[in-house]
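Model the placement of chain G on the given structure of chain Z, informed by the hints.
Number of protein chains: 2
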Amino acid sequence: MKQNHLAEIEYVRPADIEKRSFAIIGQELRKMNIVLDPEQDKITRRVIHTSADFEYATTLTYSDGAVGTALGLLRGGADIVTDTNMAKAGISRRALAKLGGEVHCFMADPDVAAEARARGVTRAAVSMERASKIGKPVIIACGNAPTALISLHDMIRGGVWKPDFVIGVPVGFVNVVAAKELIMTDGVPYIVNRGRKGGSNVAAAICNALIYILTEPEAHG
Amino acid sequence: MKQNHLAEIEYVRPADIEKRSFAIIGQELRKMNIVLDPEQDKITRRVIHTSADFEYATTLTYSDGAVGTALGLLRGGADIVTDTNMAKAGISRRALAKLGGEVHCFMADPDVAAEARARGVTRAAVSMERASKIGKPVIIACGNAPTALISLHDMIRGGVWKPDFVIGVPVGFVNVVAAKELIMTDGVPYIVNRGRKGGSNVAAAICNALIYILTEPEAHG
Numbered sequence: 000m001k002q003n004h005l006a007e008i009e010y011v012r013p014a015d016i017e018k019r020s021f022a023i024i025g026q027e028l029r030k031m032n033i034v035l036d037p038e039q040d041k042i043t044r045r046v047i048h049t050s051a052d053f054e055y056a057t058t059l060t061y062s063d064g065a066v067g068t069a070l071g072l073l074r075g076g077a078d079i080v081t082d083t084n085m086a087k088a089g090i091s092r093r094a095l096a097k098l099g100g101e102v103h104c105f106m107a108d109p110d111v112a113a114e115a116r117a118r119g120v121t122r123a124a125v126s127m128e129r130a131s132k133i134g135k136p137v138i139i140a141c142g143n144a145p146t147a148l149i150s151l152h153d154m155i156r157g158g159v160w161k162p163d164f165v166i167g168v169p170v171g172f173v174n175v176v177a178a179k180e181l182i183m184t185d186g187v188p189y190i191v192n193r194g195r196k197g198g199s200n201v202a203a204a205i206c207n208a209l210i211y212i213l214t215e216p217e218a219h220g
Numbered sequence: 000m001k002q003n004h005l006a007e008i009e010y011v012r013p014a015d016i017e018k019r020s021f022a023i024i025g026q027e028l029r030k031m032n033i034v035l036d037p038e039q040d041k042i043t044r045r046v047i048h049t050s051a052d053f054e055y056a057t058t059l060t061y062s063d064g065a066v067g068t069a070l071g072l073l074r075g076g077a078d079i080v081t082d083t084n085m086a087k088a089g090i091s092r093r094a095l096a097k098l099g100g101e102v103h104c105f106m107a108d109p110d111v112a113a114e115a116r117a118r119g120v121t122r123a124a125v126s127m128e129r130a131s132k133i134g135k136p137v138i139i140a141c142g143n144a145p146t147a148l149i150s151l152h153d154m155i156r157g158g159v160w161k162p163d164f165v166i167g168v169p170v171g172f173v174n175v176v177a178a179k180e181l182i183m184t185d186g187v188p189y190i191v192n193r194g195r196k197g198g199s200n201v202a203a204a205i206c207n208a209l210i211y212i213l214t215e216p217e218a219h220g
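Sequence lines, in order, name chains Z and G. Per numbering that gives the first Met the number 0, the first sequence starts with residue 0, numbered consecutively. Per numbering that gives the first Met the number 0, the second sequence starts with residue 0, numbered consecutively.
So here's chain Z without its partners, still in its complex pose:
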């Protein structure tokens, strides 16, 4: 058995592993007769690459022209606001900086927690308020907290603030499915993963896929 597993390991140059992985993903999608929208292709494939979960090929949902809109924002130096430090850590800050953008996560700031406690609101709500004050175009990337999407919905409907783009991929079992459906009704351009699945890794993968289209246009994926 040992010998077999060792024999199965093939030497692939580190630089080629990602290329090879995307080729395998492409083969498997063809076997499943799944044809991705050309505009969305690189984003959906990178989410599959980060999760090894082909379900995303059918559940990722894009508003009309979402990818073009997101690319235009990033090209213009938009910032990204995540709802976890994990998603923030997963986004290529160096590549984003080339475009003039930076990544923020307010969720774990001690003063956000203190303000949320004092006002009796969620940390997500305070974080979204902080995002609204950045003063430049903002993409919200939510991979964890449905409360962030619900807070955004309230801000949009209340005329308080509307982010320029929402990546809505929180994961979970309580209010997650409904919060995603809700944000898709708010007239904000979005990429949302319908259902329970998502996560900080998925949020970061979507951001990176968009960033790499601009900074590494020759790259696979």
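Everything labelled a hint here was simulated from the structure, so no lab data went into it. Honestly, I wouldn't trust all of these hints.
Claimed, not checked - Facing chain Z, a subset of chain G residues (Cβ under 8 Å, in silico):
{"id": "1", "residue": "13"}
{"id": "2", "residue": "195"}
{"id": "3", "residue": "200"}
Even glycine gets a Cβ: it sits at the ideal position worked out from N, Cα and C.
What follows is chain G alone, placed relative to chain Z:
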């Protein structure tokens, strides 16, 4: 439609969301007639909680007495070494610090990259060498790079170093399945997710589940 989604949002106190989520996971596992090993239960459930993917209930694989071994190491102040900054960001450093441990990730250190280039080896190999020099019990948590597991295998088989525990949950399409099978033959206690799935989020969830058993024994999950 809008109204319906809004009506579906239920108010759950933030502190109760996780409890409620774990109750739902328990219900669904019962519906699927899946009974988890009591020792492994909290770990597997937290992975499902972080991924919304019930497949982990059947693919997570534990060496004999793995959970007890890992808890003993953490109780004794073991450090955790991850293979991504994302996994590092996802692990509760504060809770781990209560036990006397800390989290390291060497993978993105500029001098690790420089050394790997100079020696013509992978960054993962150099990172695992750094881990071997920490000088206290070490749990390797690998959610990304199968090369980290392959390097460990080489070190163990070559008598160079053996970590005290391996969490082997890299995700991907190239060498991932084989690297996981390989590390399970090396006589090191492990928690491995068989197959392609895993990720930094899964690695962090397993670490946190183990840490919380010690630091928040009353918690759900």
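Verification of the hints:
Nearest Cβ of chain Z to the Cβ of residue 13 of chain G: about 6 Å, under the 8 Å cut. The hint holds. At its closest, the beta carbon of residue 195 of chain G sits 4 Å from a beta carbon of chain Z; the interface hint therefore holds under the 8 Å criterion. Taking 8 Å as the C-beta contact cut-off toward chain Z, the hint placing residue 200 of chain G at the interface holds, the least distance being around 5 Å.
In this structure, every one of the numbered hints holds.
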